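A.B. asks: Line order of the protein sequences matches chains X and E.
For the first sequence, the positions run 1 to 382 when full-length UniProt numbering is used.
For the second sequence, the positions run 1 to 382 when full-length UniProt numbering is used.
Some hints here could point you the wrong way.
Unchecked claim - What follows is a list of derived Cβ distance ranges for each label pair:
1. E:N80 x X:L22: 27 to 37 Å
2. E:D73 x X:R307: 45 to 55 Å
3. X:L22 x E:T41: 30 to 40 Å
4. E:S74 x X:R307: 30 to 40 Å
5. E:E221 x X:L22: 48 to 58 Å
6. X:G327 x E:S253: 34 to 44 Å
7. E:T227 x X:K44: 52 to 62 Å
As the list claims (entries may be wrong) - One-sided excerpt, in silico: chain X residues whose CB lies under 10 Å from chain E:
8. L96
9. E97
10. E105
11. F128
12. A129
13. A131
14. R134
15. R135
16. T158
17. S162
18. P163
19. Q164
20. L168
21. E250
22. A340
23. Q341
Simulated from the structure, these hints should not be mistaken for lab results.
Here the structure is a predicted model, which is why all the values come from computation and not from measurement.
Built from N, CA and C at the ideal position, the CB exists for glycine as well.
The residues making up each chain are set out below.
There are 2 protein chains.
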Amino acid sequence: MNAERNEGESAPRGPKTITVPLGERSYDIVIGPGLIDEAGTRIKNVLPHARVAIVTDENVARLHLDRLRIALDSEGIDHNAIVLPAGEKTKSYGSLEQVVEAIIEGRFERGDIVLAFGGGVIGDVAGFASAIVRRGMALVQMPTSLLAQVDSSVGGKTGINSPQGKNLVGAFHQPSLVLADTALLDTLLPREFAAGYAEVVKYGLIDRPDFFEWLDENHREIFAGGTARIDAIAAACEAKAEVVARDEMEEASRALLNLGHTFGHALEKVCRYDAARLVHGEGVAIGVCLAHRFCAHLGLAPDEDARRIEIHLSAVGLPTRIQDIPGEEPKVDDLLDAIAQDKKVSRGALTFILTRGIGKAYVENGVDPQTVRGFLEQELSQ
Amino acid sequence: MNAERNEGESAPRGPKTITVPLGERSYDIVIGPGLIDEAGTRIKNVLPHARVAIVTDENVARLHLDRLRIALDSEGIDHNAIVLPAGEKTKSYGSLEQVVEAIIEGRFERGDIVLAFGGGVIGDVAGFASAIVRRGMALVQMPTSLLAQVDSSVGGKTGINSPQGKNLVGAFHQPSLVLADTALLDTLLPREFAAGYAEVVKYGLIDRPDFFEWLDENHREIFAGGTARIDAIAAACEAKAEVVARDEMEEASRALLNLGHTFGHALEKVCRYDAARLVHGEGVAIGVCLAHRFCAHLGLAPDEDARRIEIHLSAVGLPTRIQDIPGEEPKVDDLLDAIAQDKKVSRGALTFILTRGIGKAYVENGVDPQTVRGFLEQELSQ
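From just these sequences and the hints, can you work out the full model?
C.D. replies: Quick look at the structure:
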């Protein structure tokens with residue numbers, strides 16, 4: 001379904017390209033080192049006459065914005081930059097309005113591009129702005145974190161947080177192009193890289209047990225950089241592209257991508273999105289462990305699989321238990337409230353991604369909140 | 001293309017139904033007196049298990065909300081109501097956030113309905129909220145003004161105003177059903193009814209000269225109520241449905257619906273959306289007159305057609321000249337600034353809907369701002 005091909009003839013390993021097949025809205029994800037310097041050329045190939053409104057955060061701007069501007073200038077592409085504070089708090093109504101008004105102020109038009117240049121937060125808020133300015137502008141994603149490269153930049157989900165919960169406000173708006181420059185990941189803190197890695201592991205856990213095995217054998221190389229890292233990112237993007245192509249608007253099977261996310265979002269919420277305590281990928285790491293232990297608790301999946309995942313995630317420095325979160329221990333009532341308000345709720349019964357073991361995840365719409373309560377009480381008593 | 005059919009066997013004239021043919025997103029517009037009392041039944045037929053978040057304004061709530069609640073209760077449909085201040089200022093970021101948060105607070109889910117119960121402002125802000133809560137809920141439009149019944153409730157355009165201009169932020173989000181209760185129009189002020197009538201006339205001016213002739217002969221009956229009014233609304237909805245089906249996302253011919261709107265929006269903006277001076281339909285009335293006089297000025301259309309339109313609109317109490325707006329006379333520079341910021345601008349040249357006469361409108365992308373300036377200076381000097 002997805003074309004994966006190597007580009008270039010001289011380099012032994014050029015960028016990899018994955019196509020997300022969505023008919024008229026199909027687009028390429030290009031993955032490789034140094035793509036930032038080719039941004040002007042590659043954008044011009046896809047949208048020849050567009051101006052570009054770059055949306056980024058202070059950290060990414062300091063490290064990489066000049067290089068991106070040079071790449072756009074070299075192709076004569078007119079551009080503005082809107083620089084936001086870094087961090088989850090930027091996924092707010094206030095930041096969205098700020099970005100939207102700056103784009104309008106810059107007189108960008110419907111055929112012009114919003115270029116989301118940053119991690120998941122920037123991709124979500126800039127993507128949402130591109131969906132709603134003049135009822136829809138073009139979007140190019142240039143993810144600079146591992147998490148954004150393997151997850152949030154692909155598939156068209158955009159949005160902001162409500163005070164009542166994460167990602168409750170947003171739009172489906174597919175990008176026209178995703179450029180994932182893997183060399184930019186060298187400037188990430190180890191903790192940020194590990195957090196993104198939790199989403200890579202997730203694809204193995206959903207339905208690719210061989211990919212999980214490969215990660216288990218190659219995680220040192222992936223963390224060290226080089227071709228294994230590019231291969232891991234490409235495999236993750238290919239997995240996501242397949243799921244998105246099957247169910248673009250999350251009417252059914254796309255929900256599998258939420259494996260570990262119901263628990264993870266609830267943990268992020270009770271930690272008040274305090275990145276010092278827990279970032280999204282760490283919530284997902286604990287979340288996938290909880291999901292597997294929950295299924296073992298229900299007798300659905302082998303204990304052994306949950307343990308293998310814990311060992312693997314611990315080895316790369318990720319948390320695997322609620323108690324691994326620094327600070328005050330979350331309360332079961334607060335976690336259950338947060339789970340009930342999460343968007344994956346349908347008519348009272350809870351929707352969870354459950355599993356029969358590694359690579360055997362499925363959507364279950366009828367989970368009883370009392371069962372979840374009993375499980376969480378047991379987790380927190382250990 | 002559009003099925004128009006009469007319902008009911010006993011009544012000599014039951015409601016009329018127009019289908020907007022958009023494949024999976026097709027929906028019916030039902031037009032007739034007393035539909036509010038059938039709202040529960042008709043909504044249940046389309047979306048059987050949904051809860052309903054009613055969004056309305058203080059005026060409509062006072063006049064009609066109890067009746068709507070009774071109709072929903074009679075079918076056992078669970079509902080909440082969110083009541084906003086009446087007026088264009090409600091199309092703001094603040095009101096949008098208020099509606100979105102109230103919907104989330106009410107624990108409405110993706111399959112539930114936002115019911116926009118009001119005029120164009122309510123339809124736009126509630127429709128936009130339905131597009132972005134949980135990345136998209138169902139939407140039912142129950143337009144209560146003539147303008148909303150013949151224009152804004154049909155076709156999926158939703159949005160709010162930016163401080164920089166009208167409707168610059170929004171989404172395309174089609175309703176699942178439109179219920180236009182023509183009896184509710186009896187509570188409109190004559191000025192409000194006339195404002196909506198300007199949009200009815202517009203459809204004749206775009207490409208239905210026979211409809212304009214019919215309006216010219218029947219406008220007294222339409223203003224008096226009864227079957228001529230229902231026929232006029234149905235004909236307007238049918239005209240709009242055809243345009244929307246041809247070009248849902250306004251990539252080309254849908255722009256024809258903006259006949260008179262570039263001038264009209266600019267006038268609204270320089271009047272700071274002060275309804276005491278100018279409401280949207282009045283802006284459109286002056287706008288279509290300006291568009292026809294502009295084309296006569298350019299030698300494209302006969303002077304005679306512009307005069308016929310002025311006489312017709314004046315007869316129903318609508319303004320036809322910039323000087324008809326009470327208060328300080330708008331300045332040409334301010335009008336040109338507002339036109340340039342309007343969303344129908346492409347790469348410096350202005351896009352206008354021009355015309356060769358009644359029923360002969362077309363999209364022109366290359367209008368020189370200096371020509372517009374010269375015309376406006378002449379208009380204001382008379």
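A.B. asks: Falls inside 30 to 40 Å, the C-beta gap from S74 of chain E to R307 of chain X?
C.D. replies: At roughly 57 Å between Cβ atoms, R307 of chain X and S74 of chain E fall outside 30 to 40 Å, so the hint is violated.
A.B. asks: Would the stated hint for L168 of chain X survive a check requiring a Cβ distance to chain E of less than 10 Å?
C.D. replies: holds, 5 Å
A.B. asks: Lying within 34 to 44 Å: is that true of the beta-carbon distance G327 of chain X to S253 of chain E?
C.D. replies: violated, 58 Å
A.B. asks: Minimum Cβ distance from F128 of chain X to chain E below 10 Å?
C.D. replies: Because about 8 Å separates F128 of chain X from the closest Cβ in chain E, which is inside the 10 Å limit, the hint holds.
A.B. asks: Are T227 of chain E and K44 of chain X spaced within 52 to 62 Å by their CB atoms?
C.D. replies: The hinted range 52 to 62 Å holds for T227 of chain E and K44 of chain X, with Cβ atoms some 58 Å apart.
A.B. asks: May I ask you to test the hint 27 to 37 Å on the CB atoms belonging to N80 of chain E and L22 of chain X?
C.D. replies: Holds - the Cβ-Cβ distance for N80 of chain E and L22 of chain X, about 35 Å, lies within 27 to 37 Å.
A.B. asks: Have a go at the T158 of chain X hint: is there a Cβ in chain E nearer than 10 Å to its own Cβ?
C.D. replies: holds, 8 Å
A.B. asks: Interface hint check: R134 of chain X, Cβ to nearest Cβ on chain E, cutoff 10 Å. Holds or violated?
C.D. replies: holds, 5 Å
A.B. asks: Does P163 of chain X pass the interface hint, meaning its C-beta sits closer than 10 Å to a C-beta of chain E?
C.D. replies: Since the shortest Cβ distance to chain E is 7 Å, the answer is holds.
A.B. asks: Using the C-beta atoms of L22 of chain X and T41 of chain E, is the stated range 30 to 40 Å upheld?
C.D. replies: Check passed, 38 Å falls within 30 to 40 Å.
A.B. asks: Are A340 of chain X and chain E close enough, Cβ to Cβ, to be under 10 Å, as the hint says?
C.D. replies: holds, 8 Å
A.B. asks: Would you settle whether the hint for A129 of chain X is holds or violated, based on the nearest Cβ-Cβ distance to chain E being less than 10 Å?
C.D. replies: Since the shortest Cβ distance to chain E is 9 Å, the answer is holds.
Going down the numbered hints, you'll see the structure goes against 4 and 6, while the others check out.
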